[in-house]
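What follows is the residue order along each chain.
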Amino acid sequence: MVQIDDLGRIIDEHPFFRGIDAKLRALLVGCAANERVEAGKYLFRQGAPADSFYLVRHGSLAIETHAPGRPVITVESVGEGEIIGWSWLVAPYRWTFDARAVTLLRVLSFDATCLRGKMDADPVLGYEVLRRFVPVMGQRLAATRLQLLDLYGKQKG
Amino acid sequence: MIALPADPMLPRLFDVLKVKRELADTFTLELKSDGGGFGFQAGQFNMLYAFGAGEVPISISGDPGKPGTLVHTIRAVGAVTEAMGRLKPGDTLGVRGPYGTPWPVEQAFGDDLVIVAGGVGLAPLRPAIYQALANREKFGRVSILYGARSPEDILFRKELEQWRGRFDLEVLVTVDRVSGNWGGNVGVVTKLVAKAGFDPMDTTAFVCGPEVMMRFAVDSLEKRGVSTDKIHVSMERNMKCGLGVCGHCQWGPHFVCRDGPVFHFDEIAGLFSVREL
Ligand SMILES: Cc1cc2nc3c(=O)[nH]c(=O)nc-3n(C[C@H](O)[C@H](O)[C@H](O)COP(=O)(O)OP(=O)(O)OC[C@H]3O[C@@H](n4cnc5c(N)ncnc54)[C@H](O)[C@@H]3O)c2cc1C
Ligand code: FES
Numbered sequence: 001m002v003q004i005d006d007l008g009r010i011i012d013e014h015p016f017f018r019g020i021d022a023k024l025r026a027l028l029v030g031c032a033a034n035e036r037v038e039a040g041k042y043l044f045r046q047g048a049p050a051d052s053f054y055l056v057r058h059g060s061l062a063i064e065t066h067a068p069g070r071p072v073i074t075v076e077s078v079g080e081g082e083i084i085g086w087s088w089l090v091a092p093y094r095w096t097f098d099a100r101a102v103t104l105l106r107v108l109s110f111d112a113t114c115l116r117g118k119m120d121a122d123p124v125l126g127y128e129v130l131r132r133f134v135p136v137m138g139q140r141l142a143a144t145r146l147q148l149l150d151l152y153g154k155q156k157g
Numbered sequence: 001m002i003a004l005p006a007d008p009m010l011p012r013l014f015d016v017l018k019v020k021r022e023l024a025d026t027f028t029l030e031l032k033s034d035g036g037g038f039g040f041q042a043g044q045f046n047m048l049y050a051f052g053a054g055e056v057p058i059s060i061s062g063d064p065g066k067p068g069t070l071v072h073t074i075r076a077v078g079a080v081t082e083a084m085g086r087l088k089p090g091d092t093l094g095v096r097g098p099y100g101t102p103w104p105v106e107q108a109f110g111d112d113l114v115i116v117a118g119g120v121g122l123a124p125l126r127p128a129i130y131q132a133l134a135n136r137e138k139f140g141r142v143s144i145l146y147g148a149r150s151p152e153d154i155l156f157r158k159e160l161e162q163w164r165g166r167f168d169l170e171v172l173v174t175v176d177r178v179s180g181n182w183g184g185n186v187g188v189v190t191k192l193v194a195k196a197g198f199d200p201m202d203t204t205a206f207v208c209g210p211e212v213m214m215r216f217a218v219d220s221l222e223k224r225g226v227s228t229d230k231i232h233v234s235m236e237r238n239m240k241c242g243l244g245v246c247g248h249c250q251w252g253p254h255f256v257c258r259d260g261p262v263f264h265f266d267e268i269a270g271l272f273s274v275r276e277l
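One line per chain: the protein sequences are Y and X, in this order. Here the first sequence is numbered in the working numbering, starting from 1 and rising by one per residue. Here the second sequence is numbered in the working numbering, starting from 1 and rising by one per residue.
Watch out, some of these pointers could steer you wrong.
[What the hints assert, rightly or not] FRET-style restraints, in silico, Cβ to Cβ:
no.	chain 1	residue 1	chain 2	residue 2	range
1	Y	E35	X	A24	33 to 43 Å
2	X	D168	Y	E35	29 to 39 Å
3	X	R21	Y	R36	53 to 63 Å
4	Y	R18	X	S33	31 to 41 Å
5	Y	P15	X	V245	50 to 60 Å
6	Y	R18	X	G110	39 to 49 Å
7	X	E106	Y	D5	47 to 57 Å
8	Y	P15	X	D168	46 to 56 Å
9	Y	T144	X	E211	12 to 22 Å
10	X	K20	Y	P15	33 to 43 Å
11	X	A79	Y	R18	24 to 34 Å
12	Y	R70	X	E159	58 to 68 Å
13	Y	G40	X	R86	43 to 53 Å
What the hints contain is simulated information worked out from the structure, not anything from laboratory work. Virtual Cβ for every residue (Gly too), placed ideally from N, Cα, C.
Build out the structure end to end from the sequences listed, making use of the hints.
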């Protein structure tokens, strides 16, 4: 069993929460659990309730999307030191992609209901979590725009 | 008899020794001339003349330490490059050059070296990689960060795999899109900049790829703390003379053929995001 101290240490060491105040970290620990996913298994599926978010500790996963009659497309890979999932922050709290473990995956999961409750009750925690999420969301949005440009395709003359 | 000065617009004739298909639309030509070897510096280009089709600027993609043959990697995008794609061993090609500014590999000695390439932009950087590897002990960490459209579009794949097998080199590859089996990174090349293990305080970066990609790559290098006076980019503009005479390649106050193609990012930062240029 992973001890509370260990969860706190994992949170501390992960780049996403690096430097977080000890009091806020203690609140986070209460919503956290260590999880392991075998390669090829899904962490979550498109359309399912977004009831968690994850810090990736080890391994990598593919963010996939699919449309009927078309092959599955991987839109991004996420690896060690990164986070996955923000659908838990925005109603109606449903995943918009599949997340498949490409290798054995170790993540720290956070129960979304628990975390949203604590963020509502303690705006300092709420601000701290959002402050860390926003740059990641910004980076992902910029990356998606670049991918849409099809940078390496041939230019139209 | 008085020897007349060689006409700089007159191409030297080279024979095609080998043609290597790299990707569906990209190939490498190995060329040789009776007139001996071809010295050049990493990052320089030649004006290649396909008889009956026309002349275009193409970077040299071979090893500057092996000037015996001349190597060019070309993506077929239009009339001239497509004509080059039809060349076979024994055919002839006209060559003028080498022209332009090189990657400042020696100036980077003592630093960590980060090479960021996108698509066929790996070709103009390959000579710099060869030169850096030949002087490996003169650098701190060396990272090669490469982005391609899909796994099928990864240029020099075998070589990248060999480089990745070395203990003194970090090679990270990402692709923009995947359908099917691929265990590697998916996402834009700028994401690799955040992951790579270099010390931004002492890093020189060489960046080559489509202009938008270079803009974002420079941005992410700056975000990591790499100083802009140590970032170098290679620019492309249409060219005619290649000699700084005709003005065809003018870009703001610069002639890309003469003042570039490799620019110090600081020199051109103001022009880089101007849409009309
Ligand atoms: C300094 C320098 C170094 C270069 N090095 C290389 C190299 O090593 N390998 C290489 O393959 N090319 C390189 N290029 C680009 C190459 O010169 C052009 O692709 C070539 O001039 C196109 O000529 P074309 O007659 O075949 O096509 P064009 O008829 O001139 O163009 C056909 C179509 O291709 C598009 N196009 C033109 N250039 C490019 C491009 N660079 N990328 C994508 N689409 C383009 C045009 O917009 C047009 O739609 C370099 C250019 C410069 C200035
Ligand atoms: S191509 Fe003539 S000046 Fe550059």
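Now the hints, each set against the structure:
{"no.": "1", "hint": "Y:E35 to X:A24: 33 to 43 Å", "in the structure": "41 Å, holds"}
{"no.": "2", "hint": "X:D168 to Y:E35: 29 to 39 Å", "in the structure": "36 Å, holds"}
{"no.": "3", "hint": "X:R21 to Y:R36: 53 to 63 Å", "in the structure": "44 Å, violated"}
{"no.": "4", "hint": "Y:R18 to X:S33: 31 to 41 Å", "in the structure": "57 Å, violated"}
{"no.": "5", "hint": "Y:P15 to X:V245: 50 to 60 Å", "in the structure": "52 Å, holds"}
{"no.": "6", "hint": "Y:R18 to X:G110: 39 to 49 Å", "in the structure": "30 Å, violated"}
{"no.": "7", "hint": "X:E106 to Y:D5: 47 to 57 Å", "in the structure": "52 Å, holds"}
{"no.": "8", "hint": "Y:P15 to X:D168: 46 to 56 Å", "in the structure": "26 Å, violated"}
{"no.": "9", "hint": "Y:T144 to X:E211: 12 to 22 Å", "in the structure": "19 Å, holds"}
{"no.": "10", "hint": "X:K20 to Y:P15: 33 to 43 Å", "in the structure": "42 Å, holds"}
{"no.": "11", "hint": "X:A79 to Y:R18: 24 to 34 Å", "in the structure": "54 Å, violated"}
{"no.": "12", "hint": "Y:R70 to X:E159: 58 to 68 Å", "in the structure": "33 Å, violated"}
{"no.": "13", "hint": "Y:G40 to X:R86: 43 to 53 Å", "in the structure": "45 Å, holds"}
Of the hints listed earlier, those the structure fails to meet are numbers 3, 4, 6, 8, 11, 12, in rising order.
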